[in-house]
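Residues per chain, in single letters:
Number of protein chains: 2
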Amino acid sequence: MKKFMPIFGWARGYDRRVFASDLLAGIVVTIMLIPQSLAYALLAGLPPEMGLYASILPLVAYALFGTSRTLSVGPVAVASLMTASAIGRIAEPGSLGYIEAATLLALMSGLFLLVMGILRMGFLANFLSHPVIAGFITASGIIIAFSQLKHLLGVSASGENLLHLIASLGGQLNTANPSTLMIALPTLVFLFWVRSGLKPLLVRTGLSDHAAGMLSKTGPVLGVIATSAFAFSFDLGAKGVALVGQVPVGLPTLALPALAHPAWKELWIAAIFISIIGFVESVSVGHTLAAKRRQKILPDQELIGLGAANISSAVSGGYPVTGGFARSMVNFDAGAVTPAAGIFTAAGIAAAAVFFTPYLAYLPQATLAATIIVAVLSLVDFSILKKTWQYARSDFVAVAATLAITLMFGVETGVACGVLTSLGLHLYKTSRPHLAIVGEVPGTEHFRNIKRHQVITYDDILSLRVDESLYFANASYFEDSLYSLLETRPDVKHVVLLCTAVNEIDLSALEVLESINARLRESGMQLHLSEVKGPVMDMLEKTHFLAQLGGQVFLSQHQAIESIRAMAERGPRNAPQTIDGSAPSHTRPVK
Amino acid sequence: MKKFMPIFGWARGYDRRVFASDLLAGIVVTIMLIPQSLAYALLAGLPPEMGLYASILPLVAYALFGTSRTLSVGPVAVASLMTASAIGRIAEPGSLGYIEAATLLALMSGLFLLVMGILRMGFLANFLSHPVIAGFITASGIIIAFSQLKHLLGVSASGENLLHLIASLGGQLNTANPSTLMIALPTLVFLFWVRSGLKPLLVRTGLSDHAAGMLSKTGPVLGVIATSAFAFSFDLGAKGVALVGQVPVGLPTLALPALAHPAWKELWIAAIFISIIGFVESVSVGHTLAAKRRQKILPDQELIGLGAANISSAVSGGYPVTGGFARSMVNFDAGAVTPAAGIFTAAGIAAAAVFFTPYLAYLPQATLAATIIVAVLSLVDFSILKKTWQYARSDFVAVAATLAITLMFGVETGVACGVLTSLGLHLYKTSRPHLAIVGEVPGTEHFRNIKRHQVITYDDILSLRVDESLYFANASYFEDSLYSLLETRPDVKHVVLLCTAVNEIDLSALEVLESINARLRESGMQLHLSEVKGPVMDMLEKTHFLAQLGGQVFLSQHQAIESIRAMAERGPRNAPQTIDGSAPSHTRPVK
Numbered sequence: 001m002k003k004f005m006p007i008f009g010w011a012r013g014y015d016r017r018v019f020a021s022d023l024l025a026g027i028v029v030t031i032m033l034i035p036q037s038l039a040y041a042l043l044a045g046l047p048p049e050m051g052l053y054a055s056i057l058p059l060v061a062y063a064l065f066g067t068s069r070t071l072s073v074g075p076v077a078v079a080s081l082m083t084a085s086a087i088g089r090i091a092e093p094g095s096l097g098y099i100e101a102a103t104l105l106a107l108m109s110g111l112f113l114l115v116m117g118i119l120r121m122g123f124l125a126n127f128l129s130h131p132v133i134a135g136f137i138t139a140s141g142i143i144i145a146f147s148q149l150k151h152l153l154g155v156s157a158s159g160e161n162l163l164h165l166i167a168s169l170g171g172q173l174n175t176a177n178p179s180t181l182m183i184a185l186p187t188l189v190f191l192f193w194v195r196s197g198l199k200p201l202l203v204r205t206g207l208s209d210h211a212a213g214m215l216s217k218t219g220p221v222l223g224v225i226a227t228s229a230f231a232f233s234f235d236l237g238a239k240g241v242a243l244v245g246q247v248p249v250g251l252p253t254l255a256l257p258a259l260a261h262p263a264w265k266e267l268w269i270a271a272i273f274i275s276i277i278g279f280v281e282s283v284s285v286g287h288t289l290a291a292k293r294r295q296k297i298l299p300d301q302e303l304i305g306l307g308a309a310n311i312s313s314a315v316s317g318g319y320p321v322t323g324g325f326a327r328s329m330v331n332f333d334a335g336a337v338t339p340a341a342g343i344f345t346a347a348g349i350a351a352a353a354v355f356f357t358p359y360l361a362y363l364p365q366a367t368l369a370a371t372i373i374v375a376v377l378s379l380v381d382f383s384i385l386k387k388t389w390q391y392a393r394s395d396f397v398a399v400a401a402t403l404a405i406t407l408m409f410g411v412e413t414g415v416a417c418g419v420l421t422s423l424g425l426h427l428y429k430t431s432r433p434h435l436a437i438v439g440e441v442p443g444t445e446h447f448r449n450i451k452r453h454q455v456i457t458y459d460d461i462l463s464l465r466v467d468e469s470l471y472f473a474n475a476s477y478f479e480d481s482l483y484s485l486l487e488t489r490p491d492v493k494h495v496v497l498l499c500t501a502v503n504e505i506d507l508s509a510l511e512v513l514e515s516i517n518a519r520l521r522e523s524g525m526q527l528h529l530s531e532v533k534g535p536v537m538d539m540l541e542k543t544h545f546l547a548q549l550g551g552q553v554f555l556s557q558h559q560a561i562e563s564i565r566a567m568a569e570r571g572p573r574n575a576p577q578t579i580d581g582s583a584p585s586h587t588r589p590v591k
Numbered sequence: 001m002k003k004f005m006p007i008f009g010w011a012r013g014y015d016r017r018v019f020a021s022d023l024l025a026g027i028v029v030t031i032m033l034i035p036q037s038l039a040y041a042l043l044a045g046l047p048p049e050m051g052l053y054a055s056i057l058p059l060v061a062y063a064l065f066g067t068s069r070t071l072s073v074g075p076v077a078v079a080s081l082m083t084a085s086a087i088g089r090i091a092e093p094g095s096l097g098y099i100e101a102a103t104l105l106a107l108m109s110g111l112f113l114l115v116m117g118i119l120r121m122g123f124l125a126n127f128l129s130h131p132v133i134a135g136f137i138t139a140s141g142i143i144i145a146f147s148q149l150k151h152l153l154g155v156s157a158s159g160e161n162l163l164h165l166i167a168s169l170g171g172q173l174n175t176a177n178p179s180t181l182m183i184a185l186p187t188l189v190f191l192f193w194v195r196s197g198l199k200p201l202l203v204r205t206g207l208s209d210h211a212a213g214m215l216s217k218t219g220p221v222l223g224v225i226a227t228s229a230f231a232f233s234f235d236l237g238a239k240g241v242a243l244v245g246q247v248p249v250g251l252p253t254l255a256l257p258a259l260a261h262p263a264w265k266e267l268w269i270a271a272i273f274i275s276i277i278g279f280v281e282s283v284s285v286g287h288t289l290a291a292k293r294r295q296k297i298l299p300d301q302e303l304i305g306l307g308a309a310n311i312s313s314a315v316s317g318g319y320p321v322t323g324g325f326a327r328s329m330v331n332f333d334a335g336a337v338t339p340a341a342g343i344f345t346a347a348g349i350a351a352a353a354v355f356f357t358p359y360l361a362y363l364p365q366a367t368l369a370a371t372i373i374v375a376v377l378s379l380v381d382f383s384i385l386k387k388t389w390q391y392a393r394s395d396f397v398a399v400a401a402t403l404a405i406t407l408m409f410g411v412e413t414g415v416a417c418g419v420l421t422s423l424g425l426h427l428y429k430t431s432r433p434h435l436a437i438v439g440e441v442p443g444t445e446h447f448r449n450i451k452r453h454q455v456i457t458y459d460d461i462l463s464l465r466v467d468e469s470l471y472f473a474n475a476s477y478f479e480d481s482l483y484s485l486l487e488t489r490p491d492v493k494h495v496v497l498l499c500t501a502v503n504e505i506d507l508s509a510l511e512v513l514e515s516i517n518a519r520l521r522e523s524g525m526q527l528h529l530s531e532v533k534g535p536v537m538d539m540l541e542k543t544h545f546l547a548q549l550g551g552q553v554f555l556s557q558h559q560a561i562e563s564i565r566a567m568a569e570r571g572p573r574n575a576p577q578t579i580d581g582s583a584p585s586h587t588r589p590v591k
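Chain order of the listed sequences is A and B.
Per full-length UniProt numbering, the first sequence starts with residue 1, numbered consecutively.
Per full-length UniProt numbering, the second sequence starts with residue 1, numbered consecutively.
Possibly wrong hints are sitting among the right ones.
Said to hold, decoys possible - Pairs of lysine to aspartate or glutamate residues, derived as DMTMM-like cross-links and limited to a Cα-Cα distance of at most 25 Å, are as follows:
1. Lys386(B) to Asp538(A)
2. Lys451(B) to Asp300(A)
3. Lys429(B) to Glu562(B)
4. Lys296(B) to Asp491(A)
5. Lys296(B) to Asp538(A)
6. Lys429(B) to Glu522(A)
7. Lys265(B) to Glu511(B)
8. Lys296(B) to Glu522(A)
Said to hold, decoys possible - The following label-pair restraints were derived from C-beta to C-beta distances:
9. Arg432(B) to Thr413(A): 26 to 36 Å
10. Gly9(A) to Ile456(B): 51 to 61 Å
11. Thr413(A) to Gly443(B): 44 to 54 Å
12. Ala11(B) to Glu511(A): 32 to 42 Å
13. Tyr14(B) to Asp459(A): 34 to 44 Å
14. Glu511(B) to Phe8(A): 40 to 50 Å
15. Ser196(A) to Glu511(B): 53 to 63 Å
No lab work stands behind these hints, which were simulated from the structure alone.
Built from N, CA and C at the ideal position, the CB exists for glycine as well.
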């Protein structure tokens, strides 16, 4: 029971001290979440109340089923962008079909996450490498910021990728609304200042560092109040400034999404992408927070928690949700101890939906757009390009490809190409394994690359370390490389493969080894193996390979060399050909 | 020059003895190739002369550019089936558009092979594993055999996969033509007998084993002559038996294929599949033959050779060709020494096109169908299922998936799914690496799995061997596994990662190692690395990881343990915590 509903784990020890902590965190997150929820709904092209609805039941569902103590679930920037991009293809923004498609998408995403969790498929998220995620998030941040410029300018523009957005905006610049700009620019400046300037100011008034940090997170609400009051006082609506307008008062009504919606066939790929990206984002935040308090999250149970959250969102008029980075950090810093903080936040947002929605009518959309821009620009981080360039070209290629393709062709194509690029590069690397000729480090039983270390070698023994599992993609390459090496070493009578890095030999590779063994035997050479791992040996023992092997399988490379040299000195016995008992031929210099 | 046209390599030492050998092989292959060329054209749904045309210029082109001395190029069963399947989607068999599409496909395939060769992309073929090829070839053999049954029965049926073929045939059984069956069944029995019974008979007449073997390969020609004579004598054409009919006499006219053909957009995927499958088939035959005479083939130059062959086929009214297994074996066994044998074969087929085509008018199609069935049934080999089941489940899954999907959905889908399955299984395995806790084998400096060997371990040192490169797909799994291991080992103060199998640490994995290092350090433990390979160490040295590392990097695991134990006995110096200098705690039994 505790396994499927982690609430039974933490609810037992719940006391007044924890309650107070959670309540404070719940209040802070509520104040932060109100403008964010409205803004992300705008980003998704949905009515603002859907942002609030997506921040009530989903938080409760996650609190019941999720394993992170402090993750805060709700609408997030990237999932909102992906929602807009997916449903924008099949319905007109603002239409009933569009809204229905958004709740349907949440349901499909929830069911997909749930099934993945039940099948314990959380490991699939590991195939999204860090460079791909970093490239994708940065590109998404840029696209989102550009997509909101139209609200600051008071024009209409659209586009799923950067090129379309810029072209669309460029054609509209001359129709920009001066009143909208007049309210948008000061708000943007204020919100940027809040991020860095408000906290020091509060500290100077005598607040503690922590309290000032918390209070500064509620800054955006000041922007909402001030711009709403301004718009009301000067009747900006009549001057062409887009306002939020009438928002339904009260809690969402519970209802199943339109399952018969004709769009579900077109939405399922988008649902999978949103689910996986949301899951990866959420799990990475969850891991980070859990590590700070020596807690653990269980990815497969997280799938169930996020699945439940999305299904709750769907039945309560919301849209796809996931764990957000910024709000989870605030929740954590504000002192949240258990998921009860999330339940308090849900209660806070519910109260807002009931009591504050009438006041949203005069809120300018430009204020929400400014909130989004300030939030997403913190996602944009090009340092990963420099970091990967310095560390590994393949990681750099993965980042650059994901970044460029996401900007040019949109989020789904970007992620898909990023994953394929990183997997392709990995497979390419393993298809051309590094091979090192090794010799014994003097005074040890340890063997190292002759090009890097001063080691002892013998002319009649080729000690070859294969730096990769042998499988179909590299078996031929390995065979060709070995023969090329032997062509330049006519004195070799024994080839010893040091198998420390060979974690697998598949059937294709086994056949190549059989052919190598036969060819060496015909040429009067012996093939030996050393340091073969248990699991690989288990497999070889099921075949005839060991019986046909010209040489032997040695426990260690040291024993292989000792034994081959001893045999050479005794004269041939097992070996079909004579071996000259030459002394160590040379000690190679370090390159 | 020799590199791009290998003919300059072998033509220099050409003498009368080699000429005699090559000429004999050329004659034997010609006699074998005449019925095969006609039959494979029938299989591709093309007029019989196209099979002959595809066996003239392509052989000359391959002789000039290919690297195999004895490979015999021409129409083959699988490529013919794939051609039929690709162009059958866009044109009616027998129509002018169908024929034009076939030559266009040869041109596209030729250009693709040529470009791959120039870009040296031959390595891509390595991603087709042996199980995938075996499953695909067996399934193709079954589909081809079923596709020819209609000719034996004298009915019309069609279908790209087994299910369609069986359904289509089933509906036609009642319309079977008795005269066709009367000629088809004896021919089929005769051809099967020729494969196994003719050679022993010839040996008994006093022929040498080799001569009998060669002569028996010409058996199918007897079937062609006998059934043609029979059809002529009894006027079977009037009794509803499908005959080959009028075949144009003479050599093909040279002409560029219809480049403006509207179908090229629909053909390019098929062209890629045919090229890659043909290349893999050809290279594997080429490797096998070259190995027998200690020769070498160069896969990238083979791409150029096959590309040239297909382009020649396209401009001389042929269709896609590649190196065939059966005819290359016959060529080799008949004594071919150089590619000149292929040129003699081409001359032989050209002579046949000029002088023998009038006699083909009465040849029953059923004879050709029987030729195909007998040829392809030798491709069908289910033993790979048993072999892979015994050796490795992942190889079995790859074979079974390729076999089943090819039978059910056709050749292209089958190969694509097979490749994706085998790559997916490989990635899945590497995403869950084997981790072994190791200890020192007494009396050596060698470390082995505590579960398999009697080894020395210490309670305060966890020696962990990671049996895989660390990369994005397995970094989290490794992290979780390590923490789980540590939970059950509270006395551990030192974690030594034995990195013999770690061929790469990508950025995602580096970040995981940094987080592990930080967490162990916070818990009063030290992370050490040992036996880090040169290329991996080069990468780590570019980062801050080594500076932050709580422990050290040791040359060998033996030195790591010695050094940590020495430090423990001296008391803490580098280490932030005390270590009790306990004696070896236990020697583990072999499991």
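*Is Lys386(B) within 25 Å of Asp538(A), Cα to Cα?*
The given pair, whose Cα atoms are some 18 Å apart, holds under the 25 Å limit.
_Holds or violated: Lys296(B) to Asp538(A), with C-alpha atoms at most 25 Å apart_ = At roughly 33 Å apart (the allowed maximum being 25 Å), Asp538(A) and Lys296(B) break the hint.
_What's the verdict on Lys296(B) and Glu522(A), does the C-alpha distance respect the 25 Å limit or exceed it?_
16 Å, holds
*asked:* Can you tell me whether the CB distance of Gly9(A) to Ile456(B) sits inside 51 to 61 Å?
replied: 40 Å, violated
*Is it true that the C-beta distance of Arg432(B) to Thr413(A) lies inside 26 to 36 Å, as the hint says?*
At roughly 29 Å between Cβ atoms, Thr413(A) and Arg432(B) fall inside 26 to 36 Å, so the hint holds.
*Hint check for Asp459(A) and Tyr14(B) - Cβ pair distance inside 34 to 44 Å*: This hint holds: roughly 38 Å between Cβ atoms.
*If you check the beta carbons of Thr413(A) and Gly443(B), does the distance land in 44 to 54 Å?*
Since the Cβ atoms of Thr413(A) and Gly443(B) sit about 59 Å apart, the hinted range of 44 to 54 Å is violated.
*Is Lys429(B) close enough to Glu562(B), meaning Cα to Cα at most 25 Å?*
Violated - the C-alpha atoms of Glu562(B) and Lys429(B) are around 34 Å apart, more than 25 Å.
_Outcome of range test on Cβ distance (Ala11(B), Glu511(A); 32 to 42 Å)_ = With Cβ atoms ~34 Å apart, the hint holds.
*Holds or violated: are the alpha carbons of Lys451(B) and Asp300(A) at most 25 Å from each other?*
Answer violated: Lys451(B) to Asp300(A) is near 29 Å, above 25 Å.
_Consistency of beta-carbon spacing, Glu511(B) to Ser196(A), with hint 53 to 63 Å_ = Once the Cβ atoms are compared, 27 Å apart, the range 53 to 63 Å for Glu511(B) and Ser196(A) is violated.
*Are Lys429(B) and Glu522(A) close enough, with their CA atoms no more than 25 Å apart?*
Judged against 25 Å, a Cα distance of about 35 Å means the pair is violated.
Hint violations for this structure: numbers 2, 3, 5, 6, 7, 10, 11, 14 and 15, all remaining hints satisfied.
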